[in-house]
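Participant: The residues making up each chain are set out below.
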Amino acid sequence: MFLQQLLNGLTAGAVYALIALGYTMIYGILGLINFAQGEIYMCGAFVTVLLLGTGQVNFFVAFAAGMAAAALLGVALERVAFRPLRGFHPLVPLISAIGASIFLQSLALLLFGPNDRPFPIQFNFSTITIAGLPLSSLQGAILAAALGFMALLVVFVRYTRYGKAIVACALDRDTARLMGVNVDRMVALTFFIGSALSGAAGIMMAIYYNATYPRMGLLPGLKAFSAAILGGVGSIPGAILGGLLLGVAESLGAAYVSSGYKDAIAFAILILVLLFRPQGILKGRGD
Amino acid sequence: MSAYFLHLAILGGIYIILAVSLNLIVGYAGQVSLGHAAFYGIGAYASALTALLWQFPFPLAALSAVLVSGGCGLALGLPTLRLKEDYLAIVTLGFGVIVDMVFLNLELTGGPDGLPGIPPPRILGMSFRPPVLYLLLTLLAVVLTLTLTHRLVHSYHGRALRAIRDHEVTAKVMGINTPAYKVAIFTLAAALAGLAGSLYAHYITFINPESFGLHTSILALCMVVLGGMGSLPGAVVGALALTVLPEMLRQFKAYQDLIYGGLLVALLIWRPEGLLGRGKLSLKFLQRQ
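For the protein sequence lines, the chains are P and C, in the order given.
Add 9 to the 1-based position in the first sequence for this note's numbering, that's all there is to it.
Add 5 to the 1-based position in the second sequence for this note's numbering, that's all there is to it.
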């Protein structure tokens with residue numbers, strides 16, 4: 010029972026971590042909380058589900074298309090709703106992001122209707138028992154894919170020119186510009202990568218819960234933000250750790266405390282972290 | 006006056022109180038609250054419960070709504086207002102979600118079914134059930150709220166708040182106790198939202214968690230931004246516009262949220278001072294730093 014809950018928590022947590030990475034990268038480079046991250050997650054899921062619904066597209070192609078659509082939406086959002094407001098009081102882009110989030114959510118509601126859509130293809134997932142612990146191969150696949158994406162991201166940021174340029178912009182935008190880094194392009198790239206990861210998270214959750222609907226991004230988006238803060242906002246390992254911890258805490262809390270308050274646990278943790286260790290577990294850039 | 010007009014006028018009055026109180030936090034203190042509907046809801050439930058369980062007369066029920074909401078505002082504000090404004094937005098948003106879940110899960114608040122049968126106000130033996138009288142009562146509360154906030158923002162304390170909003174460090178150097186001011190204004194705004202909630206509960210006579218969720222918090226924020234952050238007449242106009250417009254655009258009801266969201270972004274890009282923003286004086290904080 011305990012191990013089962015732990016595993017459920019890790020699966021949800023891995024997905025939170027993927028979204029949290031988007032938050033943390035964007036916060037790191039712009040100091041902006043992208044409230045519309047949850048809607049980007051929803052967009053990825055919808056594109057994949059709709060493509061698969063046509064019955065003519067291979068699963069992996071649809072998955073990639075979902076990620077690409079989410080990434081493009083993120084870049085477009087940055088261009089339309091955030092770039093004109095760069096340099097204003099932080100309140101201004103924050104409210105703009107909230108506006109964008111409501112806009113996208115209600116647009117999806119108009120286009121796709123409020124009902125849950127099941128995932129169009131069935132997977133033949135089996136349950137393997139390892140040491141008395143039933144491990145569904147779906148959970149295993151989600152965990153593996155999420156961890157794979159995270160590893161790719163870490164390699165990209167640490168070892169490629171573009172990754173290093175993003176880090177430079179996050180550390181000091183003006184100095185990075187003096188060193189010849191095209192800051193606007195790096196910001197766009199950050200949105201591209203962060204949104205692609207959120208899109209992937211959305212697709213995985215659409216498979217896991219077998220439901221895709223316009224408001225699906227709301228709670229995971231908020232929880233992932235809590236995860237980013239828990240780990241230390243601006244820190245990539247922090248976002249991963251925060252996401253996993255939050256997923257586990259939520260799953261155990263729902264099992265042993267009260268399932269009615271499951272969604273409140275993340276926010277209770279968030280408020281406690283902000284009160285006692287606002288810089289997060291791994292020290293991020295927050296203060 | 007038709008019954009429908011009266012209904013809109015009463016709701017408009019309630020929303021004015023809500024928007025003006027949120028404007029104190031957003032427009033004057035420069036902090037973002039995304040959980041303002043939680044205080045509105047706490048006020049509504051406190052008022053309804055005291056009236057239902059202990060038969061409190063309306064003035065006493067409204068007073069307890071103000072005190073309970075204000076108390077919750079103080080309890081949330083004390084530890085969190087030292088956070089930067091974008092963190093505060095998330096904390097208040099989380100607070101809103103938690104309060105919503107408490108309403109949904111507690112037996113006391115009736116869970117998702119809410120509380121029916123809240124008695125309409127009765128003051129000195131006079132029932133305020135007829136909408137005309139209720140409108141008068143609402144207007145009285147609106148005038149009280151506006152007088153209080155007008156006097157506040159044009160006083161020494163109001164100037165101190167604006168100084169905090171425009172540049173917190175400078176304000177501190179000038180000897181302004183910034184945390185105390187922020188907590189005080191947050192508490193006052195929560196208390197006023199509680200008053201609005203109480204008026205709402207005794208008017209509709211039925212409340213459930215649906216009316217006090219994230220949607221309402223965002224609606225209140227839209228009212229403030231539309232009218233102009235940091236402008237009292239702006240908050241009034243914003244509240245009235247967003248009460249009346251949805252009614253006029255009934256056939257576009259499905260597009261309502263789409264319009265709100267688009268409106269927020271478009272306003273911030275093209276007219277960040279809102280419809281009735283006060284020009285340069287109070288808008289320094291919206292300009293590039």
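Read the hints as simulated data drawn from the structure, not as lab findings.
One or more hints might be untrue.
Derived Cβ-Cβ restraints for the label pairs, each shown as a range [unchecked claim]:
(1) P:LEU228 x C:LEU79: 47 to 55 Å
(2) P:ALA220 x C:TYR260: 44 to 52 Å
(3) C:PRO251 x P:TYR168: 47 to 55 Å
(4) C:VAL174 x P:PHE132: 51 to 59 Å
Cβ coordinates follow ideal geometry from the N, Cα and C atoms, glycine included.
Participant: Next step is simple, just say for each hint if it's right about the structure.
Facilitator: Hints, one by one, checked against the model:
1. P:LEU228 x C:LEU79: 47 to 55 Å: 28 Å, violated
2. P:ALA220 x C:TYR260: 44 to 52 Å: Violated - the Cβ-Cβ distance for ALA220 of chain P and TYR260 of chain C, about 25 Å, lies outside 44 to 52 Å.
3. C:PRO251 x P:TYR168: 47 to 55 Å: 53 Å, holds
4. C:VAL174 x P:PHE132: 51 to 59 Å: 56 Å, holds
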